[in-house]
Each structure stands twice: as C-alpha cells, then as structure tokens.
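Q: First to last, the protein sequences are chains V and U.
Heads up: the first sequence begins at 1 in this note's numbering, then just goes up one per residue.
Heads up: the second sequence begins at 1 in this note's numbering, then just goes up one per residue.
Any given hint could turn out to be false.
Computed list of lysine-lysine pairs in DSS-like fashion (alpha-carbon distance at most 25 angstroms, straight line) [said to hold, decoys possible]:
#  : chain 1 : residue 1 : chain 2 : residue 2
1  : V       : LYS331    : U       : LYS41
2  : U       : LYS41     : V       : LYS429
3  : V       : LYS331    : V       : LYS298
4  : V       : LYS429    : V       : LYS473
5  : V       : LYS329    : V       : LYS298
6  : V       : LYS331    : U       : LYS34
7  : V       : LYS455    : V       : LYS287
8  : V       : LYS329    : U       : LYS10
9  : V       : LYS455    : V       : LYS435
10 : V       : LYS133    : U       : LYS34
11 : V       : LYS329    : V       : LYS340
12 : V       : LYS177    : V       : LYS410
13 : U       : LYS41     : V       : LYS435
14 : V       : LYS164    : V       : LYS410
15 : V       : LYS177    : V       : LYS535
16 : V       : LYS331    : V       : LYS284
17 : V       : LYS259    : V       : LYS284
18 : V       : LYS255    : V       : LYS177
19 : V       : LYS542    : V       : LYS164
20 : V       : LYS284    : V       : LYS255
21 : U       : LYS41     : V       : LYS340
22 : V       : LYS177    : U       : LYS41
23 : V       : LYS410    : V       : LYS133
24 : V       : LYS73     : V       : LYS410
25 : V       : LYS429    : V       : LYS340
26 : V       : LYS73     : V       : LYS559
27 : U       : LYS10     : V       : LYS331
Counterexamples of contact, computed for chain U against chain V with all Cβ distances above 12 angstroms [said to hold, decoys possible]:
#  : residue
28 : ARG8
29 : THR12
30 : CYS21
31 : ASP29
32 : ASN31
33 : ASP32
34 : LYS34
35 : GLY48
Calculated directly from the structure, the hints in this document are not laboratory data.
All C-beta atoms in this analysis are idealised placements derived from N, C-alpha and C, irrespective of residue type, glycine included.
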Amino acid sequence: MNKLEDMGTVITTDVLVLGAGGAGMCAALKASESNVDVLMVDKCGIGWNGQVPIGGGILAYVYPDYVKEWTEKVTRGSGFFNNQDWTQIMGEYMHRSMMDLVDMGLTFLKKDGEIDILTWGPNIHVTLFDAPKSLVALKKTAKSRAIRMMDKIYAIDLLKRDGKVVGAVGLGLVDGKTYIFNAKATIIATGNCGYMHEKTYSSVLGEGPAMGFRAGAQLVNAEFNSSYVWGIKALGKELIGIHFYLYLENAAGEKIMGKHYPELMVGSHAVYTFDPRVIDAMYKEVKAGLGPIYLNLKGLTMEEIDDLAEDQVEGLTHLMANDTMLLLKEKLGVDPTMEKMEMWPRYLYSGGGLRIDTGGRTTLEGLWAAGGSSSNSWSGGGGGQAGLGVQSAAITGFVAGENAAACAVKNRRYDIDAACAEEIIDRIKAPMQRKGEIDATEVTYRVHEAVVPMKYNRLREAGRMNEALGIIKDAREKLGRVGAADFHDLARYHSAESMAMAAEFTYRAALMREESRAGHFREDFPERDDKNWFKWITIESKDGTPHLATLPVPVEKYKLQP
Amino acid sequence: MTIRNFDRDKCTGCGICVAACPMDVLRLDENDGKAVIMYPKDCVACWGCESFCPQGCFDVSPERGRGELVSPY
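Construct all of the structure, not just a fragment, from the sequences and the given hints.
A: Structure (structure tokens):
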C-alpha cells in the first residue's frame, strides 16, 4: 500500500467547503466567525463561479413581522407537504441573512441611504444586488478573514473513516496534481445539476449530490423542482420579462396564450420566464403540428419592447430584457423590431439534493450540505417567489457553516485512512488505465436525450420514463468505454457520470411517486393522492445502486396541522 | 467547440475569463499575456467568459458542435 503523501498533495483544515458559489461562500464566511480554519475549493476561479453571478441578482425578502403569516402561507400552499421546521427557519432568517450579507460586503440597491425593499406582488418582496460582482465582493471579505481558497480543483469523491466523512479528493485541473483534503467537517455546496444544456447554470453538473450518494448520504425530493424556462432558441438564453407572453405565436401567426389560457388575456398579469403555463402552451401547439413558436415583436419600438419587461418591477427585468435585445442585435444580427424569433422551452435544472436536517447536517456524520446540493423540503416541492434560490443558498450556507464550525471546534481531526484513499483514487483514475473508444461528450448527449424532452420530464408517464431510464442506462454503458489521457478528460468523464446519476435519481423518484403534486406531473396519475403519497422519497446507495424509500411527512410534530 | 467567436485583438489579458471558466478551457498565454483557448472540447457553454469579459471578446454558442440541441418537444 502506498503512503498517503505518495498518492497526492495532502492539505488539512478544520472546515472544508466544496464549491464556493453563493451557498459555499456564505457557509465559509459564517464558519470563519467561529475562529476555525476554513478552506474553500472550487473548480472555477473563486469570485466568478457558481450560479449567483450569472443569475438575476434577486434576493427574496420577508418582513420580520410577516414571518408567521409567510410560514403559514407556504405551508398551506404546499398542502402541508413542506418541512415546517425549515420553512420557519427560512422565514426567520430572511432579514438576518440580508443584514449578514451586507456585513460581508454585498451591496444592495439603495433608496435614500437605506436598502430598497421592493414589492413584486401582494406580500412578495425582494431586494436587488449586483449579481456579476457579488461573489467578488464576498471573496474580498473571505480574504480579509484569512479563509483559504483554492481555485480550479475538481472535487470528485469524499473520504471516510469509520463511517465518518474526513475529507475529499480533488483533481487539480491546471497543475495536474491529485489533492487529498483532510478536514474535521466537510460541506458540499456545489449546486445540483444543470446538465450543461444551453447556457444558463450549465456549469453545475451534479457533482455534489453524486459524491454524497457514493459516500452513503441520503438524497431527497429528486422528483421535484425540475424546471423548464422559455427562451430564445438561437441565443440559448431565457427571456426575462412579464408581458412577452402576449406576443407568442405559432407558425400560422396565431397568438397562442389566449388559446390555452384565455384568463391571461383579461386584465394585467405577470407571467415570468419560469411560468409553466407558457411551456405547456408551447408544447400543445407544437404537438398539434402548429410549431415552431415565435416571439413576434414586429412593429414595436425598442421603448415599447422595454416596457413589456416591466411592471411593478423596478429596474431589474427592464435591464435584463434590454440586455437580451442587445445580445440579439450584436451576436446574431437580429433586430427584434423587424424579425420574429423562434422560442422554445429550455430544461434548466434538476431538483432535490442531499437531505439535510435543521442544522444543515446530511445523514452522514461529518458531512453538511447547502444550496442546490441540499434539499430540506422547506417549500414542499414548489418553486415559490423570485429570489428564493439565492436566499435559500445563503440561509442553508449560513446554517451549515455555523454548525460545521461548531463541530470542528469540539472535535479532533481524524487522519485519512490510506487504504480507503487509495481505493477511491484508483476508482477516480480508472478511466486513465483504459484506451477510450468514445468521448465523454457522447455520454452527455445521451443524457440530454433523456432529460430535455418534455414528454419524459414534464408530462411524466411510466412507460416514457422507463424509456428515459433506458437511455440513461445506455449512457452509463457508454461511460464504461470512455478513457482519459489527462485530468481534463477525467473531469469530463466524472461530470458525465454525475449528470447520468442526477438524471437517474430524477426518474427513479418520479416513477415511484404515483400521483401529481407541485412541479411533478404524472399523466397516468394526474391527481394529488394524500392517502398514499403524503411522504417524501429518499434515495440511498445500496452497493452503488439507488435504493428508494419513503419518509412520511411528520406533520403531527409540526406547528400547523391540516 | 462552443466558443464560436473569440476576438483576441480586443483582449487586454485581465484574466477574468480564465477565472470564470469552470473547466480550465482558457489560459493566459505566457508570451503575450492574452487569453488563449487551450481545451476547446472541455467547454460546457456556461457562458461565464461571455458574461464577464469586460471587452466583450467572447461569443458562446449553446450548440456544442452538433448543430442542434436536443429538442424539448
């Protein structure tokens, strides 16, 4: 057996944070307040990584005196399917989270010297921040707090000793070194899975949930929150704006939304880019042979187009729509006032994640999770209002960071078991031992064929989902024929594997849930079935294959009862 | 290759695109200090370089070299 030092560069720390996006950064900053040594590792360059800088810069906000009602609204809205303990934590933390982020260097939109809390609907509030520069600002604070940061390291697997997580293995993409991290507490904050399909959030590839699963941590809610958005096909980008839906038409030039949702044509409505009604109308039209779908803004002036983005929303969507129109002109030479543009639904993101308790702990000792990698059932499967993604990343990050640090203060560090490390490193590097017959990209394409079509992933049905699982099986077989010449190839191999795993988790859970609820719709079981399905679905590894089980929603323990 | 256009003349060598790339596709050239595409097939089309480049040097296509994305329909 090799010595640990011969297998790679060993780095020790108290709290290891894998992924330094919104959730990871918040976890690291919060952990540092307990005076522990904190190390953040990211495959990207920290400051420009993750989903927050590329998102809308929206942070959901709940006024402290409205928290009780908000919690009740979420609970009733989800049919009591949520984890009420977590919903309450989310509500109570919202104001504090914003103030903590201010202390940590984030700049919010201000009015008369105060943070401007905007109203986006009845009791729906948000604050806005400068998204592209947000992590750069937080990184500056992390630096001043002596948090260590390592860029361009692709973390692949966790290391365990006596059932407890004691660190992780990562590949140095630039220097070609193997890194062995040894920590008292480890936090996974690498997001969920964007499948590198189209252009938004495509850098998160399911690595965190996959490594947690392999180490034995439980996943939950994989069947929920798979999201489609509608966007400009040629641009590979969604279109933010609330009135654009009025200008969607089919190939015959008929307006489509009024046909399927006449109620949206009366009065004023805000129909966001995530609105499933638009996706469904597009799908119905195309299936009826009336596709493709276009956005026809011909004859409008640019000022009128700008106004379509805006309603009570101040500033932000206006700017983003403006940006998109500019991109259309610059990149594609398309003038939206003169030509119609083809639109289509885009599959954005998978749901679920590593199951966490109210302290951010996963089901594995020594392992915490935050942000998109984690799932705490706070919303009960629903999406909720704009800005909750960032708020959830921040809050789960703060909670995990605080608790992981507390554990690191109390406990000693366990050395890595060299035999265990060797086994895991051998698995990680196995593709380097074989001559590759196909490229990892082929596996990715196959995974896209399984997750992107709405007939599999939005209008779900047993037969079709089994077909999708067949495609995923084929993708995994192909993966077995992928080789690697260097760490770059290895990273692509492992990202293809984690994407295939994310897709499998989604469909296994979606097949098991024989009802329709929140964003999970089964054509063969179109009704909600509280009698049989008032429970969450968990996934755990049994000898490497996903084993599904159910966990009744413990509603009797919660404050609010149906 | 999903970076469909990289206008290297405009590049000032600030290194933001190199930092923003999650797959180490981009590096700074040792000779002229400007960004260079080192691992084109590793691009995941995350759009980071295009979004954050202060000079607007990049144009990323979502097509991933196949001409067509998998259709949602």
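Q: Evaluate each hint against the coordinates.
A: So, going through the hints one by one against the coordinates:
1. For a cut-off of 25 angstroms, the pair hint linking LYS331 of chain V to LYS41 of chain U stands: about 22 angstroms separates their Cα positions.
2. Proximity of LYS41 of chain U to LYS429 of chain V is assessed by CA-CA distance (about 20 angstroms); at most 25 angstroms being required, the pair is judged to hold.
3. A threshold of 25 angstroms between alpha carbons decides the hint, and for LYS331 of chain V with LYS298 of chain V the separation of about 19 angstroms falls inside it, so the pair holds.
4. For the given pair, LYS429 of chain V sits about 22 angstroms from LYS473 of chain V by alpha-carbon distance, which is consistent with the 25 angstroms threshold.
5. Only pairs whose Cα atoms come within 25 angstroms are accepted, and LYS329 of chain V paired with LYS298 of chain V is accepted, the gap being roughly 14 angstroms.
6. The hinted pair formed by LYS331 of chain V and LYS34 of chain U meets the criterion: a straight-line CA distance of about 22 angstroms does not exceed 25 angstroms.
7. At most 25 angstroms may separate the alpha-carbon atoms for a hinted pair to count; LYS455 of chain V and LYS287 of chain V meet this at roughly 10 angstroms.
8. A distance of roughly 19 angstroms separates the Cα atoms of LYS329 of chain V and LYS10 of chain U; the hinted pair therefore holds under the 25 angstroms criterion.
9. Proximity of LYS455 of chain V to LYS435 of chain V is assessed by CA-CA distance (about 36 angstroms); at most 25 angstroms being required, the pair is judged violated.
10. This hinted pair checks out: LYS133 of chain V and LYS34 of chain U have alpha carbons roughly 22 angstroms apart, not beyond 25 angstroms.
11. The suggested pairing of LYS329 of chain V with LYS340 of chain V holds, with an alpha-carbon distance near 13 angstroms, which does not exceed 25 angstroms.
12. Between LYS177 of chain V and LYS410 of chain V the CA atoms are separated by roughly 32 angstroms; this puts the pair beyond 25 angstroms, and the hint is violated.
13. Note on LYS41 of chain U and LYS435 of chain V: the hinted pairing holds, with a Cα-Cα distance of about 18 angstroms set against a maximum of 25 angstroms.
14. For a cut-off of 25 angstroms, the pair hint linking LYS164 of chain V to LYS410 of chain V stands: about 15 angstroms separates their Cα positions.
15. As the CA atoms of LYS177 of chain V and LYS535 of chain V are separated by approximately 44 angstroms, the hinted pair breaks the 25 angstroms bound.
16. Simply put, LYS331 of chain V and LYS284 of chain V have alpha-carbon atoms about 30 angstroms apart, too far for the 25 angstroms limit, and the pair is violated.
17. Under the criterion of a C-alpha separation no larger than 25 angstroms, the hint pairing LYS259 of chain V with LYS284 of chain V is consistent with the structure, at around 10 angstroms.
18. Between LYS255 of chain V and LYS177 of chain V the CA atoms are separated by roughly 56 angstroms; this puts the pair beyond 25 angstroms, and the hint is violated.
19. Only pairs whose Cα atoms come within 25 angstroms are accepted, and LYS542 of chain V paired with LYS164 of chain V is accepted, the gap being roughly 17 angstroms.
20. Simply put, LYS284 of chain V and LYS255 of chain V have alpha-carbon atoms about 13 angstroms apart, close enough for the 25 angstroms limit, and the pair holds.
21. Taking the CA atoms of LYS41 of chain U and LYS340 of chain V, the gap is near 32 angstroms; set against the 25 angstroms cutoff, the hint is violated.
22. A hinted pair counts as satisfied when its Cα atoms are at most 25 angstroms apart, and LYS177 of chain V with LYS41 of chain U qualifies at roughly 21 angstroms.
23. Among the hinted pairs, LYS410 of chain V with LYS133 of chain V is inconsistent with the structure: their alpha-carbon atoms are about 35 angstroms apart, more than 25 angstroms.
24. In summary, the hint linking LYS73 of chain V to LYS410 of chain V is not supported, as the alpha carbons are separated by about 38 angstroms, beyond the 25 angstroms threshold.
25. At roughly 49 angstroms between alpha-carbon atoms, LYS429 of chain V and LYS340 of chain V are farther apart than 25 angstroms, so this suggested pair is violated.
26. A distance of roughly 13 angstroms separates the Cα atoms of LYS73 of chain V and LYS559 of chain V; the hinted pair therefore holds under the 25 angstroms criterion.
27. Of the supplied pair hints, the one linking LYS10 of chain U and LYS331 of chain V holds, its CA atoms being roughly 16 angstroms apart against a limit of 25 angstroms.
28. Taking the minimum C-beta to C-beta distance to chain V, about 17 angstroms, the non-interface status of ARG8 of chain U holds against the 12 angstroms cut.
29. For THR12 of chain U, the requirement that its beta carbon stay farther than 12 angstroms from each beta carbon of chain V is met, with the minimum near 16 angstroms.
30. Residue-level check failed: CYS21 of chain U sits 7 angstroms from the nearest beta carbon of chain V, not beyond 12 angstroms.
31. The claim that ASP29 of chain U lies off the interface holds: its Cβ sits roughly 14 angstroms from the closest Cβ of chain V, which is beyond the 12 angstroms cut-off.
32. Every Cβ of chain V is farther than 12 angstroms from the Cβ of ASN31 of chain U; the closest lies at roughly 18 angstroms, confirming the non-interface assignment.
33. At roughly 19 angstroms from the closest C-beta of chain V, the C-beta of ASP32 of chain U stays outside 12 angstroms, upholding its exclusion from the interface.
34. With a least CB separation of 17 angstroms from chain V, LYS34 of chain U remains clear of the 12 angstroms interface cut-off, as annotated.
35. Not every CB of chain V lies more than 12 angstroms from the CB of GLY48 of chain U, the least distance being 6 angstroms, so the non-interface label is violated.
Hints 9, 12, 15, 16, 18, 21, 23, 24, 25, 30 and 35 from the earlier list are contradicted by this structure; the remaining hints agree with it.
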